[in-house]
Amino acid sequence: MYILETKTNKLIKSQILNPAKDLVPRKKESWSFNWLDVHKKDAQSIFALKEENKETVHGMLHLISDGGMLVMELIELAPFNIGSNKMYDNVAGCLIAYACRKSLKLETAYKGYLTFVSKTELINLYKEKYFATQTIGNRMYIDPLSGEKLINNYLENHE
Amino acid sequence: MSDQKRLITELENGLLTEPMDFGTEEYENFKLLIRGKVSETPKKQRIHISLLGLKFHMQDYLKSNINNKKVGSFIKQFIELVEIKQIDFANYLELRPSNLSKLLSGERRLNIELALILEKLSNIDADLWLRVQNHNELLTAQKTLRKKVNKYKLAELIK
Chain A
1 MYILETKTNK LIKSQILNPA KDLVPRKKES WSFNWLDVHK KDAQSIFALK EENKETVHGM
61 LHLISDGGML VMELIELAPF NIGSNKMYDN VAGCLIAYAC RKSLKLETAY KGYLTFVSKT
121 ELINLYKEKY FATQTIGNRM YIDPLSGEKL INNYLENHE
Chain B
1 MSDQKRLITE LENGLLTEPM DFGTEEYENF KLLIRGKVSE TPKKQRIHIS LLGLKFHMQD
61 YLKSNINNKK VGSFIKQFIE LVEIKQIDFA NYLELRPSNL SKLLSGERRL NIELALILEK
121 LSNIDADLWL RVQNHNELLT AQKTLRKKVN KYKLAELIK
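Chains A and B, in that order, are what the protein sequence lines are. Numbering of the first sequence is given in this note's numbering, commencing with residue 1 and proceeding in unit increments. Numbering of the second sequence is given in this note's numbering, commencing with residue 1 and proceeding in unit increments.
Please note that the accuracy of each hint is not assured.
Among the chain A residues that face chain B by a calculated CB cut under 10 Å, a handful are [claimed, not checked]: (1) L23; (2) V24; (3) M60; (4) M87; (5) F116; (6) N153.
Just so you know, the hints here were simulated from the structure itself, not pulled from any lab data. Don't be surprised by glycine CBs; every beta carbon is placed ideally from N, CA and C.
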């Protein structure tokens, strides 16, 4: 998978993995969420998107399986990847596509569905860019066929 | 600037989701709704989704350093996912049932022709079916042939 360096439009080869403790972003590095705390409780449930052969983390993902349903409990972009001067693009897309891929591997009654609660101001973005559907408040889901499109767009086409 | 880009620009931090309200009545209704979506999926689409899951399992298996799943067990999974009997699969492919049985148990190798047929039926690349087989054979050979292989040295060859 690749993320896009906005200044140069260059694709940067990246990977998503369960981070070792040293790689987990810290609040003192201006991340909003205490990722170290979740890492301590359940290291297998968090995922970091990093450049290949570098230690720079561009985004983090926390997945919870609740009774067989996959919940994208939290997704956070690195501080340098938000705002008008963000350095890299496609980070959220890669992380969401990765979560969709996980949901397609489930052997449960919720196979292929990725669920989450959107921030109110991002609902339209999720609908338009990530083919998500809103239902019951700010809860959203990405269905299996939409997930397949995201996987093709963000994870597979550039392999 | 597009609405999408303006939204990301306006975010105060990199958090893109809110925590899920596990355990509430609304959440349980949401789960029910997702389960309903899954159970309403037409058979053809359900099989397509299952085969996507199988492909991801095979891809991830290749990245692992274990060889505990024969390619035959993935073929067996394929037959189960398309909801047909092994005997019908053998007949459709004009294979003797005993040969299919040997293929599934690993007694018989997967050949290129059958891998291409599997690609056509499953939409999983022939290359991926064959790589699972090669992955297993290579890992086994690395153990069993180590002594034999280690005696070969480039320096000796070119002296």
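Going through the hints against the structure:
1. L23: For A:L23, the interface hint is violated, since the closest Cβ of chain B sits about 17 Å away, which is over 10 Å.
2. V24: violated, 15 Å
3. M60: Holds - the Cβ of A:M60 comes within 10 Å of chain B, reaching about 9 Å at its closest.
4. M87: violated, 12 Å
5. F116: Where the cut-off is 10 Å and the nearest Cβ of chain B is about 5 Å from A:F116, the hint holds.
6. N153: Constraint on A:N153 not satisfied, violated at 15 Å.
Hint compliance for this structure: hints 1, 2, 4 and 6 are broken, all remaining hints hold.
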